[in-house]
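2 protein chains.
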Amino acid sequence: MAELRFRVRFDAVQLGPGKAELMEHIRDTGSISAAGRRMDMSYKRAWMLVEEMNAAFAVPLIASTRGGPGGGGASLTEAGAEVLRRYRAIETAAEVAAAPHVAAIAALLASGDIPKQK
Amino acid sequence: MAELRFRVRFDAVQLGPGKAELMEHIRDTGSISAAGRRMDMSYKRAWMLVEEMNAAFAVPLIASTRGGPGGGGASLTEAGAEVLRRYRAIETAAEVAAAPHVAAIAALLASGDIPKQK
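So the protein sequences, as listed, match chains A and B. Just so we're aligned: 28 in the numbering used here is position 22 of the first sequence, and the numbers increase by one with no gaps anywhere. Just so we're aligned: 78 in the numbering used here is position 72 of the second sequence, and the numbers increase by one with no gaps anywhere.
Among these hints, one or two may not hold up.
Claimed, not checked - In silico negatives: residues of chain A with every beta carbon more than 10 Å from chain B:
#	residue
1	H31
2	R43
3	R44
4	M45
5	S48
6	Y49
7	K50
8	F63
9	T71
10	V102
11	H107
What the hints assert, rightly or not - Which chain B residues face chain A? A few, computed with CB under 8 Å, are given here:
#	residue
12	E9
13	F63
14	A103
Honestly, the hints are just simulated from the structure, not real lab data. Glycine included, C-beta positions come from ideal geometry on N, C-alpha and C.
Using the sequences and the hints given, assemble the complete structure.
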């Protein structure tokens, strides 16, 4: 099916593909700066997004130690893992629910245009 | 529930909230420029979006007469009405499907933050 890009807007924070991907890279690399580099995102911006998420939730989504001998490190907290899992579940649920309508729109496109595969 | 903003990406065109709203205003005002004004969108940009949509689909979504004694006019074609209807259906279906996960994320927000109503 076509690619469905979306973000969820709460009063305190927006969650979109950038923050979700950043959380996944933090989980996988154990580092906010390494996660940012994987997305061509500056260290400063990666930290800003982490701080924005942590401030919006009752408990931080990302635990981190800044600098230090080992160069610092970061990981998802239980709440962070939960938010990430729910975000990806929203994505899947929305895509499945939207699929028949997306296919109907795709059928109206010029020259048998095939919707993008994810 | 929280506001879910999304866009559907095909190879030839992306459909998002801006194009959907523009189509609704064209339907309601009978004019591309009036539709653009309602969205604080320049005449040029409104036309560009219309031309982009019309080029991507097998039949135009918006029929228009440019200028002329009556100042021109525009309306949704049958295909345009169908695409708009399907876009709004995607929105509704996605929101319903996502609702339990959105609520679960909302419950983790600080200070009992209430998700934005649409």
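Going through the hints against the structure:
With a minimum CB-CB distance of about 20 Å to chain B, A:H31 clears the 10 Å threshold, and the non-interface call stands. With a closest Cβ-Cβ approach of about 26 Å to chain B, A:R43 is found to remain outside the 10 Å limit, as its non-interface label requires. Annotated as non-interface, A:R44 keeps its C-beta farther than 10 Å from every C-beta of chain B; the closest such distance is 22 Å. With a least beta-carbon separation of about 19 Å from chain B, A:M45 lies farther than 10 Å from that chain, consistent with its non-interface assignment.
With a minimum CB-CB distance of about 25 Å to chain B, A:S48 clears the 10 Å threshold, and the non-interface call stands. Non-interface call for A:Y49 relative to chain B: holds, since the shortest CB-CB distance, roughly 25 Å, exceeds 10 Å. No Cβ of chain B comes within 10 Å of the Cβ of A:K50; the nearest lies about 23 Å off, and the non-interface call holds. Here A:F63 does not stay apart from chain B, with its beta-carbon only about 5 Å from theirs, under the 10 Å limit.
With a closest Cβ-Cβ approach of about 22 Å to chain B, A:T71 is found to remain outside the 10 Å limit, as its non-interface label requires. Under the 10 Å C-beta cut-off, the non-interface status given to A:V102 relative to chain B is violated; the minimum distance is some 7 Å. For A:H107, the shortest C-beta to C-beta distance to chain B comes to about 4 Å, within the 10 Å cut-off, and the non-interface label is violated. The closest approach between the C-beta of B:E9 and any C-beta of chain A is roughly 4 Å, which is under the 8 Å cut-off, so the hint is satisfied.
The beta carbon of B:F63 is positioned within 8 Å of a beta carbon in chain A (closest approach about 5 Å), and the interface hint is therefore held. At about 4 Å, the closest approach between the beta carbon of B:A103 and any beta carbon in chain A falls short of 8 Å, and the interface hint on this residue holds.
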